[in-house]
Amino acid sequence: MPTSHRSVSFRGGLIQFPTTPSDTPRRNSARAMPSVMRQRVRLVGCCTAQLSVSRSTSVIPGWNTMGRARDAAGSTGWRAGRWTCPYCPQRGRAAGTGWSAMSMATEGGAAAASPTDPDFKRPAFLELFFDLVYVFALVTLATTLAENLTWTGAAETLVLLLAFTMIWALTVWGADSLDLERPSGQGQLIWVAAASLLLAAAAADAYGDHALLFAVTYVLIHASTSVYYSLVAPSRTLLPSVIRIQIWEGVAGVGWIGGALVGGSGQLPIWALAVVVEYSAAGFGWPVPGIGRSRARDWRLAGGRVAERYRQFVIVALGVSIFVTGTTFSMSEYTMERAWALAVVFGTVVLMWRIYIYRAGELLTEAIARSSNPGLLTQSAAVTHLIMVAGIVGAAVTSHLVVGRPWGETPPSWAAVILGGPALYLVGRGVLDFTVFGRISRSRSAGLVLLACVAPATPLLPPVLVALLAMTVLALIAAANLVSTRQHARTPAPPMLR
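So for the sequence shown, numbering that gives the first Met the number 0 puts the first residue at 0; every next one is plus one.
Read the hints as simulated data drawn from the structure, not as lab findings. Accuracy of the hints is not assured; some may be wrong.
[Said to hold, decoys possible] Label-pair restraints from in silico Cβ distances: (1) 321 with 478: 19 to 27 Å; (2) 278 with 334: 39 to 47 Å; (3) 265 with 482: 47 to 55 Å; (4) 264 with 219: 21 to 29 Å; (5) 289 with 492: 33 to 41 Å; (6) 235 with 289: 16 to 24 Å; (7) 282 with 451: 24 to 32 Å; (8) 262 with 492: 46 to 54 Å; (9) 289 with 451: 46 to 54 Å; (10) 478 with 223: 42 to 50 Å; (11) 146 with 334: 16 to 24 Å; (12) 189 with 361: 28 to 36 Å; (13) 286 with 492: 26 to 34 Å; (14) 235 with 181: 15 to 23 Å.
Here a beta-carbon is modelled for each residue, glycine too, at the ideal position from N, C-alpha and C.
Use the sequences and the hints to build the structure in full.
Now the structure itself:
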């Protein structure tokens with residue numbers, strides 16, 4: 000009788016386990032493997048899986064054991080220890096016995112599967128609906144900054160942007176534990192979307208009459224989310240993190256509401272301090288005496304899904320730039336100068352998309368899968384995308400200014416945003432390079448130098464020409480990326496994280 004096999008898919012191929020010890024399992028029907036019975040081994044790295052394997056009667060060919068990963072051939076098989084996978088540069092760790100079901104998992108978070116893998120968890124349609132609210136939020140921030148283009152206005156906009164992105168990031172991370180097919184999960188996400196819509200509506204006058212509305216809504220979003228995860232959908236792994244976050248958000252909430260009540264010139268410093276408290280606490284894992292701090296593995300992030308959500312957020316920001324460009328053009332008198340300005344700012348948006356996706360943005364999922372700590376790398380990638388989104392918002396402000404008045408004098412504040420948006424974007428893109436490839440591309444640094452060289456000439460140039468020079472710098476970087484990748488194919492090599 001033919002022997003039946005049980006199979007587990009890897010990113011690198013397939014391993015088949017026969018039901019009888021006499022048969023030899025195969026990897027991709029080529030590499031010999033030992034006979035196996037019943038003991039669980041957990042692999043951490045790009046070959047992330049939990050396998051129902053057993054005491055092996057021989058050493059697995061190609062696997063270099065380290066420490067006490069196994070007993071002598073023919074004895075008790077694998078024990079807790081470390082080894083190196085021959086099919087990828089990452090290391091795994093034996094993690095005990097007694098597991099049964101075959102499923103994807105890692106210690107630093109869920110494995111980042113390829114979109115073509117059956118285990119890949121795609122963002123739900125409701126999450127894309129949720130992002131529509133943030134289109135409105137970013138449009139509001141961009142147009143508000145364009146109308147108040149001062150250092151104070153920039154600081155006010157940055158504080159609000161950080162507040163919105165904190166809600167977005169925590170919602171994305173927490174959604175991994177939500178069952179968005181159930182009414183309770185859908186209701187939670189819709190509630191956050193509705194409250195965020197109110198928050199975005201109040202943002203235009205957040206430093207005026209709507210300050211208290213903005214602050215109370217912001218604090219309420221965090222508080223209600225904590226209540227939901229604590230009572231309605233409790234998770235043993237997520238609950239401690241929820242408690243820590245709520246404690247710190249409670250501290251920051253005092254600043255948000257206090258700043259709104261103070262108003263005037265004291266509001267911005269107090270709100271800025273509240274944001275610093277939030278992001279500093281997040282950077283250190285929301286440490287709380289007695290219950291410790293959160294670690295990346297506590298979130299059990301599905302790297303492939305979260306990476307796709309990050310990409311979607313970048314697309315949302317780019318869409319905001321296009322929306323502002325088109326709206327400004329349609330509301331202005333049609334002239335050939337404005338048509339040229341429209342082409343320049345649209346070209347800038349296209350180049351930002353190209354530079355992002357080629358190749359680090361495209362390979363982020365694979366980099367997370369190869370990381371020694373996928374969960375931590377997933378969370379770190381959020382910072383890089385925040386920086387890039389801030390740069391894209393700057394590009395949206397540029398669209399509003401340049402399309403509205405392409406010729407004439409370029410004030411210093413205009414030059415700062417026209418050149419500063421692409422510069423900030425390149426900084427974030429450089430950090431993404433390091434996240435995915437473990438190094439920063441020289442073209443990012445060269446682009447920043449070129450933008451700095453353009454700055455002294457801006458008082459002599461009209462806004463549209465300053466924007467054209469910034470676009471030219473981005474075009475050179477995109478071309479350098481294309482040439483470099485064709486000459487030397489790049490594969491993800493994320494930095495070692497603990």
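For each hint, the structure was consulted:
1. 321 with 478: 19 to 27 Å: holds, 23 Å
2. 278 with 334: 39 to 47 Å: holds, 44 Å
3. 265 with 482: 47 to 55 Å: Check passed, 53 Å falls within 47 to 55 Å.
4. 264 with 219: 21 to 29 Å: holds, 26 Å
5. 289 with 492: 33 to 41 Å: Holds, at about 39 Å.
6. 235 with 289: 16 to 24 Å: holds, 18 Å
7. 282 with 451: 24 to 32 Å: holds, 29 Å
8. 262 with 492: 46 to 54 Å: Hint holds: Cβ distance 50 Å, inside 46 to 54 Å.
9. 289 with 451: 46 to 54 Å: 48 Å Cβ-Cβ, so the 46 to 54 Å window holds.
10. 478 with 223: 42 to 50 Å: holds, 48 Å
11. 146 with 334: 16 to 24 Å: Check passed, 22 Å falls within 16 to 24 Å.
12. 189 with 361: 28 to 36 Å: holds, 31 Å
13. 286 with 492: 26 to 34 Å: holds, 31 Å
14. 235 with 181: 15 to 23 Å: holds, 18 Å
In this structure, none of the earlier numbered hints is contradicted; all agree with it.
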